[in-house]
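Number of protein chains: 2
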Amino acid sequence: MITGKNYIGNQQSAKGNKTYKTFNPQLNVENDNIFTEATSEEIYEAVNLATKAFKTFKSVSGKRKAVFLNAIADEILALDDELIKTYCMESGLPEGRAKGERGRTVFQLRSFADLVKEGSWVEASIDTAQPDREPLSKPDLRKLLIPLGPVVVFGASNFPLAYSTAGGDTAAALAAGCPVIVKSHPMHAGTGELVASAIIRAAEKAGMPNGVFSNLNSSGINVGEQLVKHPGIKAVGFTGSINGGRALYNMAAQREEPIPVFAEMGSINPVVIMPNALKNRAESLAKTYAGSITLGTGQFCTNPGLLLAIKSDSLSHFVSELASEIIKIEPSCMLHPNIIGAYEKNTSKMASQQGLSVVADYKNKLQTNYARQVITTVEGKTFLENTNLHQEVFGPFSLVVQCEDVNQLETIISRLEGQLTATLIADNEAQNYSNVIAGLQNRVGRLIFNGVPTGVEVCPSMVHGGPYPASTDSRFTAVGIHSIKRWVRPFSFQDWPNELLPDELKNENPLKISRHVDGVHTNQKIN
Amino acid sequence: MITGKNYIGNQQSAKGNKTYKTFNPQLNVENDNIFTEATSEEIYEAVNLATKAFKTFKSVSGKRKAVFLNAIADEILALDDELIKTYCMESGLPEGRAKGERGRTVFQLRSFADLVKEGSWVEASIDTAQPDREPLSKPDLRKLLIPLGPVVVFGASNFPLAYSTAGGDTAAALAAGCPVIVKSHPMHAGTGELVASAIIRAAEKAGMPNGVFSNLNSSGINVGEQLVKHPGIKAVGFTGSINGGRALYNMAAQREEPIPVFAEMGSINPVVIMPNALKNRAESLAKTYAGSITLGTGQFCTNPGLLLAIKSDSLSHFVSELASEIIKIEPSCMLHPNIIGAYEKNTSKMASQQGLSVVADYKNKLQTNYARQVITTVEGKTFLENTNLHQEVFGPFSLVVQCEDVNQLETIISRLEGQLTATLIADNEAQNYSNVIAGLQNRVGRLIFNGVPTGVEVCPSMVHGGPYPASTDSRFTAVGIHSIKRWVRPFSFQDWPNELLPDELKNENPLKISRHVDGVHTNQKIN
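As they're listed, the protein sequences go chains A and B. Under this note's numbering, the first residue of the first sequence is numbered 1, with each subsequent residue one higher. Under this note's numbering, the first residue of the second sequence is numbered 528, with each subsequent residue one higher.
Note that these hints are calculated values from the structure, not bench results. One or more hints might be untrue.
Under the rule of at most 20 Å between Cα atoms (straight-line distance), these lysine to any residue pairs were calculated in the SDA-like manner [claimed, not checked]:
#1 A:Lys485 <-> B:His1043
#2 B:Lys579 <-> A:Gln408
#3 B:Lys590 <-> B:Gly747
#4 A:Lys21 <-> A:Ser197
#5 A:Lys138 <-> B:Gly982
Next comes chain A alone, as it looks inside the complex (with noise of 0.2 Å):
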């Protein structure tokens, strides 16, 4: 049952006046939910309760992090219908895409559970002593990965499970050991409220301490800005717009002790599409690509909104394929009015760069909080000259430029902006464009050959990031379970008594795990 408030650590709590509604966008109208944001007193205990469970937390085991894992899978699953209509009802997306997003989740945190039962995940290393070196003897060294402390995560607004409340960031966090206070996204407060409800039957039930998980509501930036700026908190997780994400890399870099951001912001995910690729299968590819610039109402972060070819006479045929393949697909329902608000006024706002041509627009008449598919044009030149064109239309919406050379090609791939994903469609001619494809690894944290950027495989060799403004920190993926390192840091014991170390560095190997031992990976103890 929603009950519209906050989860401060196990205890629910509602001690604000400002409340708020979701928004059902498939009805056009409010949902009855109220929800009363967090105050700060709550968000000072939610960040108290977390700094005292940290202490605990820290040190619980592997195996007994995947009791909990798992517990909160199988309470989101307990959910059942409850869970899928509420997502539905605040985000205006199928039941389908809610039960494969949940599918998602689940797998998400059985991947995390798995990761942490098994251990090997805190890449210990021990170089054992030398006492007789010369001429300085060489002391005994071992490091493992330890959490960095409380975790702030912002809920999403286009996954309301996956990337939410037990989305990847908490789902990592919670795997390396820090507690996790999620600021609720306010487009689905219920669906929220919901999971995090699981999250606090599992820790009951796997006996974590109060406070490893709190989860607060918040219509708007106080809330989120509250917590960035507390002290007790070590690192932030957001998944959103580039305003969103650079205003709290920002508050957290401005901070006495500044913390780690990782923000995954926004991409329009280039696909360069080669001649011969074009010459032999404009048709399909046009049909394959109008449905991944329409997937999801093209709210996916990895949605392809910025193609390049050279000019020639497939290519203008790809373009008038693409148009009439897009409009044969039936519109569908954006997240909220704000987000179909937002969509409506950036692409008159696109339409009205000069140079820039509406190739395919849906022009029947929609129902409300629907959005028409855009396809647009422009010359290769400018768009090097216009920057306004080099900006993410989140949703259903793609530009094709239209480049002179492959020269020009190569220029416009080095002044994009950093990306999620760059695509290549290429049929035995990708060996001819090195130079593109060395431009394009520059500029992206994954390169697609052949395919679509739409769906990200939830696997160890997944990267999701990107140079900024694709993340904020290239140098971690915020899917897969190497996302786990956004939350943890080396640390080095120096001649530890072995009874005082964490079983992971002990001489016995008790965990069985990998690890390197004087330069050698073996699971074996040490003697």
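Please arrange chain B on chain A, whose structure you already have, making use of the hints.
Same frame as chain A, now just chain B:
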């Protein structure tokens, strides 16, 4: 031969009209060589060359980078007496230290050469495709670490070789595939130029692109500021004061594209001495710590500036022993008149703080630029009330805090700023102080048992870094092979053709490196 010019890539250049000299603190005279500060034009040229060099250097094989790094080591050794003499003339440090530090520098370069020659450091991870997976086929994803781009390294005043021109930051960045521009430290510009000449000779012999390395002279903050703000620079390494490091961090965070700054800054390296240890071996501990506090005239970042213990007769005895031992040690020269000036100012400021007692203070007349060893004591309560007492005094100074009881000791530890190290001195009693140990772990990067913090072993299990302000990013170490991770980011290829993948990710594993393939650690090829 020292020319006083900058290295803009392979070319020597001195277009500016601002010049300066280095200083011999032992003789208290300026050295003869005249150094010309880099101009804005030269700075831009260095960044442009580095940006061009990156295009090829990022793909240079590990074997060829190893040849380059080993050649740097060889060329540094070939500088022989001229380097050692210049080092001593510009630092006031003795010949033995110069040779020791040269050995460390060469060892670091060769360690990184071995690392990149072997090749597994890129953390190659491969998840093979599952075309038949339901409901969606799984793509092939392959990940590795790639270099960030051109890096700026700031030379450190206190390690003219090991943390300067060809020091740990430079060696790690070059190993990663990042071109390096060094902002030479003005106190040892001659040492810097000689080492730069060695790097340039090595780059030419190893066939590295022009611009892979530049060395810029600078007597103030202007050159460093222009470098950090230049959009071509992608990361910064710094070792020095909190004020200096924080200023660079702020500049980098305020850029349109923020970049990572790894600054290793101040630390007072708390040492906690437990009651049994004080009772059993106050005299030997006093002797050991008198040595550690004065080592290198107290100019190590791991210098023990804070000793914490619970009040007892044994503690009083230890304090008087420490006081008498430290004035037996022959005073030594500091690096520069500015450094000794700051030391004298800071010790006077400390001595004037209410409640602080100076118990040992070398009273004999000293040679110019030589430092007086100072030991001070204060009550735990006073220390808690006055955060001026928590500040680093760079030099042979230490403060003994006499705590009322273990609770006050724990409180003090919890209030300390982030530190590089903490040391626990205990005799069969550590198991009784788990809160003390947990509290220390929370504030530092490395915990030492029954030793001294001075001495930073270069090995994979070392962590040199820690919570702010020990460093600006505790998620990385500045020492050891893993310091390479500061300068790289993960990158994924999705469904990429085998022949176009980098060798590290090809099916046939031509480099025979260790990789994670579908979750299994292996050096086998993929069939």
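Here is what the structure says about each hint:
1. A:Lys485 <-> B:His1043: 17 Å, holds
2. B:Lys579 <-> A:Gln408: 18 Å, holds
3. B:Lys590 <-> B:Gly747: 38 Å, violated
4. A:Lys21 <-> A:Ser197: This hinted pair holds, its Cα atoms lying about 19 Å apart.
5. A:Lys138 <-> B:Gly982: The hint holds at about 10 Å.
Consistency with the previously given hints fails for number 3 only.
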